[in-house]
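Enquirer: Chain by chain, the residues:
Number of protein chains: 2
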Amino acid sequence: MKLLGAIEAGGTKFVCGIGHEDGSIIDRVSFPTTHPEETMAQVFQYFEGKNVEAIGIGSFGPIDPVIGSPTYGYVTTTPKPFWSQYNLVGAVREKIDVPIGFDTDVNGAALGEYKWGAAQGLDSCLYITVGTGIGAGAVVGGTLIHGLSHPEMGHIYVRRHEQDTFAGACPFHGDCLEGLAAGPAIGSRWGRPAVELAPDDLAWEIEAHYLAHALMSYVLILSPQKIVMGGGVMKQSHLFPMIRTKLQELLKGYVQHASLTADIDSYIVPPQLGDNAGLAGSIALASMALAGK
Amino acid sequence: MKLLGAIEAGGTKFVCGIGHEDGSIIDRVSFPTTHPEETMAQVFQYFEGKNVEAIGIGSFGPIDPVIGSPTYGYVTTTPKPFWSQYNLVGAVREKIDVPIGFDTDVNGAALGEYKWGAAQGLDSCLYITVGTGIGAGAVVGGTLIHGLSHPEMGHIYVRRHEQDTFAGACPFHGDCLEGLAAGPAIGSRWGRPAVELAPDDLAWEIEAHYLAHALMSYVLILSPQKIVMGGGVMKQSHLFPMIRTKLQELLKGYVQHASLTADIDSYIVPPQLGDNAGLAGSIALASMALAGK
Numbered sequence: 001m002k003l004l005g006a007i008e009a010g011g012t013k014f015v016c017g018i019g020h021e022d023g024s025i026i027d028r029v030s031f032p033t034t035h036p037e038e039t040m041a042q043v044f045q046y047f048e049g050k051n052v053e054a055i056g057i058g059s060f061g062p063i064d065p066v067i068g069s070p071t072y073g074y075v076t077t078t079p080k081p082f083w084s085q086y087n088l089v090g091a092v093r094e095k096i097d098v099p100i101g102f103d104t105d106v107n108g109a110a111l112g113e114y115k116w117g118a119a120q121g122l123d124s125c126l127y128i129t130v131g132t133g134i135g136a137g138a139v140v141g142g143t144l145i146h147g148l149s150h151p152e153m154g155h156i157y158v159r160r161h162e163q164d165t166f167a168g169a170c171p172f173h174g175d176c177l178e179g180l181a182a183g184p185a186i187g188s189r190w191g192r193p194a195v196e197l198a199p200d201d202l203a204w205e206i207e208a209h210y211l212a213h214a215l216m217s218y219v220l221i222l223s224p225q226k227i228v229m230g231g232g233v234m235k236q237s238h239l240f241p242m243i244r245t246k247l248q249e250l251l252k253g254y255v256q257h258a259s260l261t262a263d264i265d266s267y268i269v270p271p272q273l274g275d276n277a278g279l280a281g282s283i284a285l286a287s288m289a290l291a292g293k
Numbered sequence: 001m002k003l004l005g006a007i008e009a010g011g012t013k014f015v016c017g018i019g020h021e022d023g024s025i026i027d028r029v030s031f032p033t034t035h036p037e038e039t040m041a042q043v044f045q046y047f048e049g050k051n052v053e054a055i056g057i058g059s060f061g062p063i064d065p066v067i068g069s070p071t072y073g074y075v076t077t078t079p080k081p082f083w084s085q086y087n088l089v090g091a092v093r094e095k096i097d098v099p100i101g102f103d104t105d106v107n108g109a110a111l112g113e114y115k116w117g118a119a120q121g122l123d124s125c126l127y128i129t130v131g132t133g134i135g136a137g138a139v140v141g142g143t144l145i146h147g148l149s150h151p152e153m154g155h156i157y158v159r160r161h162e163q164d165t166f167a168g169a170c171p172f173h174g175d176c177l178e179g180l181a182a183g184p185a186i187g188s189r190w191g192r193p194a195v196e197l198a199p200d201d202l203a204w205e206i207e208a209h210y211l212a213h214a215l216m217s218y219v220l221i222l223s224p225q226k227i228v229m230g231g232g233v234m235k236q237s238h239l240f241p242m243i244r245t246k247l248q249e250l251l252k253g254y255v256q257h258a259s260l261t262a263d264i265d266s267y268i269v270p271p272q273l274g275d276n277a278g279l280a281g282s283i284a285l286a287s288m289a290l291a292g293k
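Protein sequence lines, in the order shown, are assigned to chains A and B. First residue of the first sequence? That's 1 in this note's numbering, and the numbers climb one at a time after it. First residue of the second sequence? That's 1 in this note's numbering, and the numbers climb one at a time after it.
Hints in this document: simulated from the structure, not taken from any laboratory. Hints should not be assumed to be uniformly reliable.
Stated by the list, open to error - Here are some chain A residues the structure puts well away from chain B; computed CB gaps all over 10 Å:
#1 172
#2 220
#3 221
Said to hold, decoys possible - With a straight-line cut-off of 16 Å between C-alpha atoms, the simulated EDC-like cross-links for lysine to aspartate or glutamate are:
#4 235(A) <-> 275(A)
#5 95(B) <-> 48(B)
#6 252(B) <-> 21(A)
#7 293(A) <-> 21(A)
#8 13(A) <-> 175(A)
#9 252(A) <-> 48(B)
The structure presented is a predicted model; accordingly, all values stated were derived computationally and were not measured. C-beta: ideal position from N, C-alpha, C; glycine also.
With the rest of the complex left out, here is chain A (with noise of 0.2 Å):
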């Protein structure tokens, strides 16, 4: 089976690892983000003799995917030191001259879940993450989205919940989503980190309120066939019932779909490729590159 390799490209830590066309992954590395320089020095000692046939890239943001724009390839406006403006394709590319796809980490983590995980053998679905930053990818029709550029949907505004007086995180928009309802901003209302507040705290009330106010947006909007929802914050276990069950409040039988009634537990869903979503999802890049798509 041919090798393929990935890069989950992360604001805090690159994950490499080598994988094949059906999902699965043989081998796996990671090591801290730090100057693009030295990071990079380590991908590509890791890629060295294994022959890959294609890379996938999924990579924290904002990013420039769209193939034919003079900075494709590019992380681009991060705060994050030394990789603003980075030709990270640009950079593999110098090195390994094989097919490169790419894209953000979430997309990539969407893709993975639709063509391997809990999305498998639907047209579309949602990959949600909830960390350091919440970001978002969706498969439509098969296709992941792009348009302008990539979505931001981590950055949308919601409603405040009404008991909720924290001003927001967010550097550009305070209290968007992001701002709100992100691990940090968890840990700076409540002046503790989030895995230190007991499941019945108030704190998970009003993150579930954000949580589902996002959601309902992406449900009008996409109308997806699976939620798939991710990240540190979502190993709070308990917080799945409290959003399936905001998501119907706020929804009112409008939308009339089994997936919003009854079968909501098996609609808004944790990774089924777990802790390797993201990497799976960098694989599935690797693979659409090398099938020249």
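Chain A is fixed; fit chain B onto it per the hints.
Expert: Below, chain B alone, put in the same frame as chain A:
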């Protein structure tokens, strides 16, 4: 050139027409939407002897556009008397044995603008109508958005304008976008029809606030390459510059793209197909059906 039939099935009126695969329309009639039997009799009378090779139907909703579903082709849970659970495609198929394309009126209009109008040459666009109700359709990577069913973008929640005390008029959600910003909501809030309000009335500042908030979500979730705004309320053309400015204020420069900065005047535009956007959309649906897509 092949003759294509178009049915723009609206909640107030039906428009039927004949056109070609280049989007040109050579004939059109319209009549009020009454009882299905009466209205459909007029549809069949119109198409008799016209020898169309396919028919496209852009319908008011909610509908079931999912091919293979037991209720495919139905108008589903509409509050409109007599039309709930009406098998619209089935009724047409019984009388006219040609390929039939079926989608929401707004998905049809989005497809029309994508093929022949404001979004020609791009691979994504969003069409929103603001009139008696609010609805939107979108093309992503050349494909209309479907999933569980079709988008219901008019019912997203948006942040309230600080000076707005109107409760909202949506029978399902109260103060969702449609409940706050459709024509009837404007009329109820101010005690007179929108057309009677002066361009510098606070009404328009509030209207632009809600529509810009909706566009903020659409842009961050779909990243469309063009936004086309039609419908009765958007005939108030002074809304366009207000919406553009407010959207830029909300984005705060987060998404870096000329379409959202220097070129925003050509990014958010009225339908290029004008009042034919809906009918041309149905022609586009017919054309897709003929091609077997």
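Enquirer: The structure should be examined with respect to each hint, and the outcome stated for every one.
Expert: Verification of the supplied hints:
1. 172: 5 Å, violated
2. 220: 5 Å, violated
3. 221: 5 Å, violated
4. 235(A) <-> 275(A): It holds: about 11 Å lies between the C-alpha atoms, which stays within 16 Å.
5. 95(B) <-> 48(B): 9 Å, holds
6. 252(B) <-> 21(A): 41 Å, violated
7. 293(A) <-> 21(A): 14 Å, holds
8. 13(A) <-> 175(A): 27 Å, violated
9. 252(A) <-> 48(B): 42 Å, violated
Hints 1, 2, 3, 6, 8 and 9, counting from the list given before, are not met by this structure.
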